[in-house]
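Following the hints, position chain G against chain E.
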Amino acid sequence: MCDIIWCKDCDTVNYLDPYYFWNWEGKIKCAGCENVYYIYMIQGHMYKGPDKKAGEKPDILPVYADKPNDGYEQILPGTPGKTRPYNCLPRHIYLGKADMVKFSARGRPVRGWRPQPPSTGVAGSCGFTWDIQKLSPEVWQEYQEKIKKGEVGEW
Amino acid sequence: MKDQRVTRIEDLPGPKSQGELEEMKMPYEEYCRKVFAPGQEKTKPESLKGIRWLSTTMYIFTPHSVANLAELGAECIKVEMPRMGDPMRHTSPFNECYLYPLHDSRPMTGTGLGFTNANSNEYYISMDYHVPEMKEAFYRLVKLSDGLTECYRPGTFDRWKQSYRYLQELNPRFIYVWGGGFGYGPKVFGGSYDILGQAHAGLASVTGFHEDFGGHCTKHSNWCIDWYSGTQITVAILAALYWRRKTGLGTMIEFSQVQAATRCLGYGVPLYGRFGIVRQRWGNWDTQLCVHGIILCGKSDYPDEPNPQLKYEARYAVVSAFNDPDFKELCAIIGRNDLWDQYKTLQDRVRPQAQIAIYKALEDWAADKTRSQVVKTLTDAGLLAMPVMNDKEVYECEHFRQRGTIRWLDDPVFGDLLIQSGYSCGLMSKTPRRVNWLWRPVGADNVKIYHEMLGYPMSKIEEWYEKNLI
Numbered sequence: 001m002c003d004i005i006w007c008k009d010c011d012t013v014n015y016l017d018p019y020y021f022w023n024w025e026g027k028i029k030c031a032g033c034e035n036v037y038y039i040y041m042i043q044g045h046m047y048k049g050p051d052k053k054a055g056e057k058p059d060i061l062p063v064y065a066d067k068p069n070d071g072y073e074q075i076l077p078g079t080p081g082k083t084r085p086y087n088c089l090p091r092h093i094y095l096g097k098a099d100m101v102k103f104s105a106r107g108r109p110v111r112g113w114r115p116q117p118p119s120t121g122v123a124g125s126c127g128f129t130w131d132i133q134k135l136s137p138e139v140w141q142e143y144q145e146k147i148k149k150g151e152v153g154e155w
Numbered sequence: 001m002k003d004q005r006v007t008r009i010e011d012l013p014g015p016k017s018q019g020e021l022e023e024m025k026m027p028y029e030e031y032c033r034k035v036f037a038p039g040q041e042k043t044k045p046e047s048l049k050g051i052r053w054l055s056t057t058m059y060i061f062t063p064h065s066v067a068n069l070a071e072l073g074a075e076c077i078k079v080e081m082p083r084m085g086d087p088m089r090h091t092s093p094f095n096e097c098y099l100y101p102l103h104d105s106r107p108m109t110g111t112g113l114g115f116t117n118a119n120s121n122e123y124y125i126s127m128d129y130h131v132p133e134m135k136e137a138f139y140r141l142v143k144l145s146d147g148l149t150e151c152y153r154p155g156t157f158d159r160w161k162q163s164y165r166y167l168q169e170l171n172p173r174f175i176y177v178w179g180g181g182f183g184y185g186p187k188v189f190g191g192s193y194d195i196l197g198q199a200h201a202g203l204a205s206v207t208g209f210h211e212d213f214g215g216h217c218t219k220h221s222n223w224c225i226d227w228y229s230g231t232q233i234t235v236a237i238l239a240a241l242y243w244r245r246k247t248g249l250g251t252m253i254e255f256s257q258v259q260a261a262t263r264c265l266g267y268g269v270p271l272y273g274r275f276g277i278v279r280q281r282w283g284n285w286d287t288q289l290c291v292h293g294i295i296l297c298g299k300s301d302y303p304d305e306p307n308p309q310l311k312y313e314a315r316y317a318v319v320s321a322f323n324d325p326d327f328k329e330l331c332a333i334i335g336r337n338d339l340w341d342q343y344k345t346l347q348d349r350v351r352p353q354a355q356i357a358i359y360k361a362l363e364d365w366a367a368d369k370t371r372s373q374v375v376k377t378l379t380d381a382g383l384l385a386m387p388v389m390n391d392k393e394v395y396e397c398e399h400f401r402q403r404g405t406i407r408w409l410d411d412p413v414f415g416d417l418l419i420q421s422g423y424s425c426g427l428m429s430k431t432p433r434r435v436n437w438l439w440r441p442v443g444a445d446n447v448k449i450y451h452e453m454l455g456y457p458m459s460k461i462e463e464w465y466e467k468n469l470i
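Chains as they are written, first to last, in the UniProt record's numbering: chain E, 1 to 155; chain G, 1 to 470.
Chain E extracted, bound-state conformation (with noise of 0.2 Å):
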């Protein structure tokens, strides 16, 4: 078991975060006393910790907690001054945010890149030619650039 900080003296199973892959290192406070703990988890890991820091100011509170010897009363995400609201988003490394670009490995023009002109034919039909000079003339002159610089391949 590595995502909790089991609090001796209130009894209290203080779950971290939702993902086994954290890698954090501060200090949380239980949700059922006033104990602060350090921690330093590495993928998951309790690397270090988990130490009492009496005293010290928190970083974060825990995300849920229960006690499982008192009948699992739970203090719910978003208890406030106990637990961390938790919104349901994973890190931001992993929503997903699209990567531009607009060339290719070789240095052509590919439309890796939004927004981008809407079609020109009724119900979203659209021709067989991506007119990029016209579409798109600041990615065309790029492209110019990037031609005389010799930074265009063929393979």
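Hints in this document: simulated from the structure, not taken from any laboratory. Warning: the hint list may mix true and false statements.
[Unchecked claim] Derived lysine to aspartate or glutamate pairs resembling EDC-like cross-links, with alpha carbons at most 20 Å apart:
1) 328/G <-> 338/G
2) 134/E <-> 410/G
3) 134/E <-> 416/G
4) 146/E <-> 416/G
5) 392/G <-> 154/E
6) 8/E <-> 66/E
[Said to hold, decoys possible] If we take Cβ atoms under 10 Å as the criterion, some of the chain G residues that face chain E in the derived model are:
7) 108
8) 125
9) 395
10) 470
[What the hints assert, rightly or not] Derived list of chain G stretches under chain E, where covered just means 3 residues or more per stretch with a C-beta under 8 Å from a C-beta of chain E:
11) 416 to 422
12) 459 to 465
From the three backbone atoms N, C-alpha and C, an ideal C-beta is built for every residue, glycine too.
Below, chain G alone, put in the same frame as chain E:
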């Protein structure tokens, strides 16, 4: 008197010297280069031109069965849900490899590269075909087409009055394909994914190393059973088209993905039938041949590359030396003649204990060498060895480049794309496969199909579009 048991090279047909080999080989090479001519596919006819196929499919498995037809020249019409398209469009590696645009109504959404290869050369229309208002358009498409591939749960199209039972009354020549997880039977409502196909067919149980060697049953990283099963559907479609030429009648093809994957089990099933033995995994080694497997070498070919796939993973090589002289040579190269003394016959070598000892000796020998050094040493000695190549090396491989296997496509809508697609499927001298475009935006051909082919007025198309029906 000649000893009949001795084979002399003079008695064999074919070249007798290196010079003769070159003399005989070159004209054939030239002939092949001329008739296959990679890059000139579009100057040649298309074998399936005149066939029109509908694709109401999703993901890889069933779409691929239609992409095969489209690459061979059939006119294929992909029917997608309005505004959304095939869910596979929204599946991209690392959520960041998209090509834009997807549709006018969603300017910030693209189509992910996961969609690649399964839908090449097709025309894209959108239609919510289970809405009664669109039934007529759907039926008219059926009347004008040779067949359809669909992938909905069994019986769904029947409920919507567009299964084979209904469509053959409209068009008796219609070939109808249902492709999905299980098909009729006790698991009729079970959906399937590639991984499920590999698992349910028993394929994953014989893939990977045995637990004794720290392995687990394994699925292939890519969706190989999707690609494979889709191609099997295409084979069935081509047979059905031939049957229709003879009888004038269509066919229903019902294609269970888990069933298709059982074919890859090879001798596992008859083995069980004969002895009651369940085949076990044997990882990168071979149960019938030794040495014939993949070994780990100690050093990377790219020690300074930042990409871990190059820095750490480019260390594997295939080694094959299973017949007696080759194995003897291999033992001499790695300085382990004792292995040759111990395992002089193939029967000795394929035993598990022998394989463990032999492959360990090989990897010990390779521990201070790079993959390239291992491959060069062995090939110089006349043994078969080959690096396990990665995508970068496949891209740079001269063999693939000369044969046009991997190439850059100037996609008419999306620009410069590196693809294999249809060019990965062998060469045809008269009617080669080709890739004209990788895909098109959702509904990109609505006007072409609804107006130009079916003759609906533009006002009707605009009305449908307003109502979200297309």
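Here's how the hints hold up against the structure:
1. 328/G <-> 338/G: holds, 10 Å
2. 134/E <-> 410/G: holds, 17 Å
3. 134/E <-> 416/G: holds, 17 Å
4. 146/E <-> 416/G: holds, 15 Å
5. 392/G <-> 154/E: Given that 20 Å is the threshold and the Cα spacing comes to 16 Å, the pair holds.
6. 8/E <-> 66/E: Roughly 13 Å separates the two Cα atoms, so the pair holds.
7. 108: holds, 5 Å
8. 125: holds, 9 Å
9. 395: Interface hint status for residue 395/G: holds (8 Å vs cutoff 10 Å).
10. 470: Since chain E brings a Cβ to about 6 Å from residue 470/G, closer than 10 Å, the hint holds.
11. 416 to 422: Since three or more residues must qualify, the claim that chain E covers the region 416 to 422 of chain G holds, with 3 doing so at under 8 Å.
12. 459 to 465: holds (count 4)
The structure shown violates none of the earlier numbered hints.
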